[in-house]
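Peer 1: Starting from the known structure of chain W, fit chain P onto it as the hints suggest.
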Amino acid sequence: MRDLLHSWFSRLFGLFRKNRRDAEMAEEMQQHVDLLTERNIAAGMMPHQARNAALREFGGVEQIKEAAREQRVWLSAEQFWQDLRFGARMLFRNPGFSILAISCLTLGIGTNAAVLSWIEGILIRPYPLVAHQDRMFALNATTRGATGYTGLSYPEFLDYEKNSTLFESLIVDRIMGTTLSVGDRAERATGGIVSANYFDALGVQPILGRGFRPEEGTGRNAHPVTVISYRTWQDRYNGDPAIIGRTQYLNGVQHTIVGVAPEKFHGTFIGYSSSFWVPTSMQETFDTTGYKLEDRSAHWIEGYAFLKPGATRQQADAELHAIAQRLEKDYPETNRGHDLALSPLWKTPFNQASNMSATLGITMAVVFFVLLIACANVSNLLLARSLLRRHEMTMRLALGAGRRRLIQQLFTEGLLLGLIAAAGGIAVAYWCRNALVLSFPTPAAGIVIDFPGQIDWRVLAVSVAICLGATMLFALVPAIHASHVDLSGALKTEGSGVVGGSGRSRLRSGLVLVQVSLSFVLLAGTGLLLQSLQRMQNASPGFSTDVIVSSADVFSAGYNAERARVFYTQLLDRVRENPDVESATLARLVPFSYGVFSSAPLEIDGYQPAPDEQLNVSYIEVADEYFKTLGIPIVAGREFQRTDDEKALPIAIINETMAAKYWPGKDPMGQRFRVKERWLQIVGVARNANYESKNELPKSFFYVPVRQNFSVSNSLIVRSRETPGAIRNALAREVQALNATLAPIAPYRLQEQVDRKGYTQRLSATLVAIFGAMALFLAAIGLYAVMSYSVSQSTRELGLRMALGASAKDLLRLVISRGMRLTVAGIVIGAVSALALTRLIGNLLYQVSPRDPVAFGFALVVMITVSFIACFLPAWRATRIDPVRALRS
Amino acid sequence: MAKEKPDLVYGTLDMLILKALQHEPRHGLEIADRIRQMSKEILNVEQGSLYPALYRLEARGWIKAEWDVSDNNRKARYYKLTAAGRKQLVAETDHWSRITKGIDLVLSAS
Chain W
1 MRDLLHSWFS RLFGLFRKNR RDAEMAEEMQ QHVDLLTERN IAAGMMPHQA RNAALREFGG
61 VEQIKEAARE QRVWLSAEQF WQDLRFGARM LFRNPGFSIL AISCLTLGIG TNAAVLSWIE
121 GILIRPYPLV AHQDRMFALN ATTRGATGYT GLSYPEFLDY EKNSTLFESL IVDRIMGTTL
181 SVGDRAERAT GGIVSANYFD ALGVQPILGR GFRPEEGTGR NAHPVTVISY RTWQDRYNGD
241 PAIIGRTQYL NGVQHTIVGV APEKFHGTFI GYSSSFWVPT SMQETFDTTG YKLEDRSAHW
301 IEGYAFLKPG ATRQQADAEL HAIAQRLEKD YPETNRGHDL ALSPLWKTPF NQASNMSATL
361 GITMAVVFFV LLIACANVSN LLLARSLLRR HEMTMRLALG AGRRRLIQQL FTEGLLLGLI
421 AAAGGIAVAY WCRNALVLSF PTPAAGIVID FPGQIDWRVL AVSVAICLGA TMLFALVPAI
481 HASHVDLSGA LKTEGSGVVG GSGRSRLRSG LVLVQVSLSF VLLAGTGLLL QSLQRMQNAS
541 PGFSTDVIVS SADVFSAGYN AERARVFYTQ LLDRVRENPD VESATLARLV PFSYGVFSSA
601 PLEIDGYQPA PDEQLNVSYI EVADEYFKTL GIPIVAGREF QRTDDEKALP IAIINETMAA
661 KYWPGKDPMG QRFRVKERWL QIVGVARNAN YESKNELPKS FFYVPVRQNF SVSNSLIVRS
721 RETPGAIRNA LAREVQALNA TLAPIAPYRL QEQVDRKGYT QRLSATLVAI FGAMALFLAA
781 IGLYAVMSYS VSQSTRELGL RMALGASAKD LLRLVISRGM RLTVAGIVIG AVSALALTRL
841 IGNLLYQVSP RDPVAFGFAL VVMITVSFIA CFLPAWRATR IDPVRALRS
Chain P
890 MAKEKPDLVY GTLDMLILKA LQHEPRHGLE IADRIRQMSK EILNVEQGSL YPALYRLEAR
950 GWIKAEWDVS DNNRKARYYK LTAAGRKQLV AETDHWSRIT KGIDLVLSAS
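So the protein sequences, as listed, match chains W and P. Start counting the first sequence at 1; every next residue gets the next number (this note's numbering). Start counting the second sequence at 890; every next residue gets the next number (this note's numbering).
If you are wondering where the hints come from, they were derived from the structure by calculation, not from laboratory data. Quick caveat, the model's predicted, so the values are computed rather than measured. Even glycine gets a Cβ: it sits at the ideal position worked out from N, Cα and C.
With the C-beta cut set under 8 Å, the calculated list includes, among others, these residues of chain W facing chain P:
#1 Met29
#2 Asp34
#3 Leu35
#4 Leu36
#5 Phe58
#6 Ile64
Label-pair distances were calculated between CB atoms; the ranges are:
#7 P:Gln926 - W:Met45: 18 to 26 Å
#8 W:Val861 - P:Ala973: 54 to 62 Å
#9 W:Leu468 - P:Val979: 34 to 42 Å
#10 W:Leu55 - P:Ala973: 32 to 40 Å
In silico contact screen, one side only, chain P against chain W (beta carbon under 10 Å); selected entries:
#11 Ala921
#12 Gln936
#13 Asn961
#14 Lys964
Same shape as in the complex, but just chain P:
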C-alpha cells in the first residue's frame, strides 16, 4: 500500500485518515499530504486506496463531506470528522497502542 516503503498495516488506513482530519477539514490530496508529512515521508497513501476508504468512512458516519473552495480558489470536496468519528479515533488509537505495545513486548522478549 505504500510505495517503496514498509506496507501500511492492514486496517490502519482508516485510523490514519481520521487522525489527519483531527484538527481541520481537508480534501483528498491534503489528507494524503498530511499523512505523508506526519509520518516524515515514511507512509505514502495511494489514491487507489484513499478514496474507497473515504467513502467507507463517510458511509459509516465517521466523516462528513462538503464541497468548498480550496486555498487556490479551486472547488474541492472537504472531509470533516463527525462526533462519532472523533470517538472512533480515540477508540482506534487506544486499541492500536495496546497492540503495538503487545507486539513490542513479544519482539523484545529474548
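Okay, chain W solo, but in the shape it has when bound:
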C-alpha cells in the first residue's frame, strides 16, 4: 500500500521534476568530462586538446541525456498513459457500468463541491470584492448578563476608532429597509448606513463616480449623498452613463447619486443584497426612532474591523477590552458591562452567518455521507466487474504482470472514473451554486436575497482532493482484491451460493452494510429535523397569528410624529367601524419582524441591581385592544385603553417573566419603574409570549401605550373574518380618505411573518431531506445490485433447489431473507451511530429529543420498505429460473 502510493507520487512528480533531474544529469556528465580532461592533461596533452579528446570519448552529451531521461521518466509516464487509454477503452466498452458509476460519483462529488462553494461564498469569503478579507473581522459587542449581540452606539464606535492602534480601519454598516423612489415609481429597497470610510476601507472602487468623503460622515442630515448598487443602476436607471449628479428620493429625502458600486459588490451583510449606501450623517432620515449619532444609549451600529498586517486577533481583543473598560468607567450609566471583541466573519453575530454556519455544517456532513454511499456503490460495481474481468486478470498474471502493476492499472482506471466525475461534479456545483436562494423566503417585496456560492481555487482544490480520496476509497479495495486472482481457483469456482459467501461477496455485503447504516443515520436525522419543524410550526408563539397586518409608509411621506399620531388615530377609528373587523390595534413593530424592539436601561423602584448588572429590557409601543386583538391573556390588572394617552399617567404592562424577576413574591400591580427619565406605573401583567422567534428563551419584556410614546412608523393589526386580499380595498379606501397620496402596503397574515422566521430550521430540514433521499436512493441501488448479482451467481444452486422441490415462495423467502439480514444488521449499526451523532444537531431541534423514537421509527420503516423493494426484484427473478437450463449451464 505505501509502496503503491510512493510509486504513484514519484510518477506524478517525475513529470514535474523533469527540469531538476535534467540539471542534475548535466552536472554529473560535466563532472565526468572534467575528470577525463584532467586525466588527459596528466597524460601530457595540452588543455584544449585534452578537453576535446575527453568530449570525443564521452560522445554526444545531449543524446546520452535524452536516452537516460527516457529510462527514468517516460517508462512510468508511458505506463500511466497506457493505463489511461486502456481504462478509457474499458469505459466505452461497458457504457452501462460507466454511466452508473460516473453518475453515482458525480452526485457524490457534485453535492460536496456545491456545499463547499456555499461555505466558501457565504461563510469563509463572503465579500469577493473586498481586499484582505483574511484580516476582516466583525465587531461583536456584548453586555454582561445578556445573551448574544447587544450592539454599539455611534459615540462608542468613534471612541473605539480613535483609541485603537491595531486596526487599519473600522467601518459601520447598518442595514435598513427603506422606500426608494425614482420618478413616480416607489418601492421597498434594502440599503446600508455606512461610515464615510466604507468603500476605501473595503478597497471597493466605485465604477462610476466616487465613494464617500470623510466630511460626509458627520453633521446631522447634512450630506444627502448616495452610492447606488450596480443592480439599481441597471434596473432603475437602465445603466445611464450620466447618472452621477442625478438625484433620487430615499425615504422622501432627495439624495444626490455620487457613485455606482461594482457589479459584484452587494454590500457587507451576509444574506441580503444592498441597493444603495448612504453615509452615517443621514441616519435620522432612515431610522424611525430618531437621531442617534450623539446618543450613547442607542445601540444600533453593526460594524467590521480590518486588522493591521501582523496584528493578531488576541492582541486586538485585548486592546478593545481595555478600551471598553475605560468607557465603562467614563460612562457608567450607558456602558456598564459593555465589552467588544472580534468575531471571524463566519460567526458574525448580526447577519445570517451564524444561522447559516450551523445549517451548512450539518449539510456538509450529510453530503459527505452521500459521497461515502456513492463510493460504496462504485466499489460494489467495480467488484462485480472485476469478476467479469477475471479472465483478463488471470491472463495478465500468467503472462508475468506483477500484482503491483495490476493494481496500478485498476487504480488508474478508477482515477479516470473519479476525474470524469469530478469534472461533472464541479459543473453540477457551478450550476447549483446559487440554488440556495431558491429555498429562502423573501422577507418582503423588493428585498433581494443574496446567498451566492463561490467556486474558487480553494473549492476546486478541495474538490480534487475529495475526488482523489474517493478514488482511494472506491478503487483501491476492488483493485487489491482483483489482483488476488487465484490462478487455478479462478477456473474452478463458479460463483457462490445465496446463503454462504466467498471473500468477494462478503466484501460486497460489507459495503452494503455501510450504505444501509449511513442511510439510516441520515434518515433518522431527517426525521428529527422534519418533526422539529412540524412541532415548531404547530407551537403557539403565545399570540394569535391569525391576524392581518398592514401599514402605510407615512415616514417616507415626510410625516413627523405629531402628524403620524393624528393619522393613525383616525385610521384606527375608521378601520374599527368596518363591520368585517372584529378588533384592530397599532404596534410600532410587529412581533417576529426583522426590526429591533425599543430597549432602554431601567431603574426599578425597590430593586437593587447587582454591581455590574445592566437593567436593559426590550419593550414595544402598542395601542389599546392590542392584547385583545393578538389574543395575549392579561393575567392580572387590565389591558390598555383609549384613555391611556399623552395626558394620562404614564403606564406599562409587563410580562410574567419580568414580574417574577424584579418583583419576586410581590404584587407588581401599581409598582413603578423608570425608563428614559419617566416613571411608569404597572397596570397589568401579560402572559409570556415569543417576541422575536419561537426558540428564544423566556425573557423580560414590557408594553407601553403608543399614545404616550408615539413614533412615525406603526403597523396596523386587524382581527377579521375576511382574508387579507379581501380586506385590502377597504383598507386602501380608509387610508386614502385620510391622505389621497398614500397607499397601504399589501396586507398579510402574521402567520407568514412567523413562518419566515423559521427558515433556518426549514432550510436545514429541506437540505437534509433532499440529500437524505439521494443517499437512500444510492443505497437502494447498492442493495439491489448486490442482490441481483448474488442471484445471478447462484443460478445453479437456485435451480437445484427448485428441482429438489422448492417452491417459488421458498426461493423468494430465501433471497429476500438474505437481503433483509443485511438490512437489519445495517440498521442496527446505523441506529447506534445515529444515537451518537444526532446530538450534534441538538441546537437546531425544537422540542424534540435527539433520540426521539418517532424519528427513529420513521427511519426504520423507510429503510425496511426500501430494502424490501430492492430485494424483491432480484428475488422474483430467481423464481423465474428454469431449473433445467440452470443445471445444465
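Peer 2: Okay, now just chain P, sitting in the frame of chain W:
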C-alpha cells in the same frame, strides 16, 4: 557496445555495473574504469550506454546515487548497491553462469 573489442552481450551491462559496485560506491567514470580493469581491458563501456543504464538501475531501486566528493576533491555522483541490487547481482550471476555453461556445452559438442 565495446570499441574494437567483442560486443558486450545484450543485457549484460546491468550485471557488470552491479558487479563493479559490489564492494564500494563509485562514480560514473570509476565504474567504467573498474569494468575495463576487471576485464583486463577487453570490455570497454561507452559513456553513451553507461548513463542510461545507471538511471535505469536507479529507477528499479537496485542502486542508489548520492553526491559526494571524489579523491581529488571534485564533486561527483556516487552510486551504491542497494539490498535489492545485491540480490539481483546474485540472481544475474547465477543465471549468467548457467547460460554460459549451456553455451559452452553446445559449442564444445562435436
